[in-house]
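Q: Throw the hints in and build the complete structure from the sequences for me.
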Amino acid sequence: MSSSVNARAAIFDRIRAATSAVPAEIPTTHAGLPRNYRRNGQMSANARVALLIERLREYDAEVTECAPDEIVQAIARVIEASGRRVLVAPPGLPAGWLVPACNWKTDNHLTHDEIECAQGVVTGATCAIAESGTIVLHHTPAEGRRVLSLLPDWHLCVLRAAQVVESLPEYFDGCGTPPALVTFISGPSATADIEMTRIKGVHGPRFLSVLIVRDLGTTRPGAASGAKGAQ
Amino acid sequence: MNHPILDPRVAPPFPVAALPVLRNPQLRKNVAHATDVIQAKRARLVAEKTDWQALRDSGAAIRDHVLDNLAHYLEQFEERCTAAGGVVHWARDAAEARSIVLNILREEQASEVIKIKTMTSAEIQLNPFLVENGIAPHETDLAEIILQLGQDEPSHIVVPALHVNRSQVRDIFAKTMGLPDLSDDPQALTAAARTYLRKMFLTVPTAISGANFLIAETGSVVVIESEGNGRMCLTLPRTMITLAGIEKVLPRYQDLEVMLQVLARSATGERMNPYTSVWTGVTPGDGPQRFHVVLLDNGRSGILRSSRERQTLRCIRCAACMNACPVYRQTGGHAYGSVYPGPIGAILTPQLMELEYAQSLPYASSLCGACYEVCPVKINIPEILIDLRAAVTDREREEERRFFDPMYVGLRMANKIFASASRFRAAQRLARLALRPFTGKDGWIRSLPGYASRWTMSRDLRGVPRQTFREWWAERDGKAVR
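Listed in order, the protein sequences are those of chains A and B.
Quick note, in our numbering, the first sequence goes up one by one and the last residue is 726.
Quick note, in our numbering, the second sequence goes up one by one and the last residue is 484.
Treat the hints as calculated values from the structure; they're not laboratory data.
Predicted, not measured: the structure shown is a model, and the values here were computed from it.
Don't take each hint at face value.
[As the list claims (entries may be wrong)] Partial list, computed: chain A residues near chain B (C-beta under 8 Å): (1) 506; (2) 510; (3) 514; (4) 518; (5) 519; (6) 567.
From the three backbone atoms N, C-alpha and C, an ideal C-beta is built for every residue, glycine too.
A: Following this line, the structure appears as structure tokens:
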């Protein structure tokens, strides 16, 4: 351990000898860095959702839409169409979403093997970014621990249209205190390691479905409101 | 083909190492295909980003700000990561980093470890060291599996096996996974890798990762990937060890809004890579409950000394520079004799080696500037290449064994000649006389003897004109040359 202490001191000595930082000025300098890139989108809420759907489909994700009062029926239809019956659910998923005719295992300390045996998982989300077709999970109780949306072969993510922002900076603006755990998901897992041929489905879920709840007109879009809404 | 050597201390100089590749049409075809595909996709996605140049400016400014204030941000990262349950270790060099990792693995009583692709681990040659010490490292990124099972080395920092084509992958997998009937369809090959790794993910309790970014504000680590092997390693094992260069810090979580917009577009030509994971120390009930970060210097702090060379450490490892480089596209990565090939490798490797090794790399460039143009954090690679060439020359000139090196003898002579007008005129006359027998009727020299033949081997040389400009001018004025 003492060698590590020496190493630390030696590294800091070398860094300090090579740089001339004034600690008191650092926050001001950081705040003044140029940021002339696009912050706020200009799209209408509908165009934003349409772009997200287009991007998700480009990634071979399956997208369905429904009205706010149809969520449960829509979830039932998507699950029915997927042909999957053994599903895991995060503990904070609304109870009504656990539609009948499925074998649900709610994650109260499920083992990895139990999650691995499931055919799919249903989660909420914190935010979605239209421009890059990205779903953001903060792993809230409605989104579940990280392993839950990883091991099952199919991930059904229920997203409210009001959670959709146009660009990445808008997500960060609405994010508030940085969360401890975040997963950005842009389509099902993929690789292009062999001759740059894109192959869908390596280790993460091979199939991603997104159910978009058309709740626009009721809530202002924003990342921070998202997590609460899904719970 | 010989096994590629990626240790700059023992690798042959670039021109020597490049030769076998230049004579291997299959390899050149594989490299050209892969780099063409990525470049085309990148160009399309960059073109649709109307604020691309503003993002590059911000990317460069954020990275510079970190490097200017590196001690502050590293201290902050260490404090916050520790508060979140992580253990931070410091390694001055590769040997120190290897032994820290080994000690942690021994404490864990690990006999094997799963790994997310990390160039830093390749830089410190961790895998062979672990094997020597009785621990089996298992790579989990598809390209890294191809290389590990095929006993090959990475030739690119984002797509490390881009020099291997599908039928070569098939042969490697068929042999090592015991699947004689495997087809060479990339889908089937990927499925084989999935099956091969699934059990490993669920059973091996210790994992090693690199880091794309460290967030000082939160003490978080960011890993950017495509396949989900990263997420597996980050969530299933009991213990996680992250190996990161000290330059990887970003001030705030929000700074990712720039990096995540430029990185995937530059690296793989995607708007966003499939998976980006952020985690902070240890989260009860979610993921590894023991977390170590090993922060590696290994020559980086030395690069901070000059503000121009400091740019090198802005690098976010997107590999756009190698895809764009006309030299890399011909030679592939192995010729660079380092895990960091291409233009960024040509400036990073010699500096990490403090110019003791890899002196040929600053010359492995035509200085065309394509690398600078595509760099998402605007590293002026050509400028640094020229600086490093000067530094290499300055060092070599002082070396006694180079005293009789024809290049330095020639340069010393040139120095003397150019210092005096009369010597210069004499030299002109001498050259005219000496070269006359080799000059053809059309005024061109096609072949020179001895050492000078190295020049005419690959290009013709204009013969010395019958008259110099001064002679012509003097004659025109009707005066004799003094």
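Q: All the hints need checking, so say for each whether the structure fits it.
A: Okay, the hints, checked on the actual structure:
1. Using the Cβ-Cβ criterion of 8 Å, the hint placing residue 506 of chain A at the interface with chain B is satisfied: the shortest such distance is roughly 5 Å.
2. Restraint check, residue 510 of chain A versus chain B: the minimum CB separation of about 5 Å is within 8 Å; hint holds.
3. Evaluation of the residue 514 of chain A hint against chain B yields a held restraint, the C-beta minimum of about 6 Å falling below 8 Å.
4. Evaluation of the residue 518 of chain A hint against chain B yields a held restraint, the C-beta minimum of about 6 Å falling below 8 Å.
5. The beta carbon of residue 519 of chain A is not positioned within 8 Å of any beta carbon in chain B (closest approach about 10 Å), and the interface hint is therefore violated.
6. At a threshold of 8 Å, the smallest CB-CB gap from residue 567 of chain A to chain B is about 28 Å, leaving the interface hint violated.
In this structure, the hints that do not hold are numbers 5, 6, in rising order.
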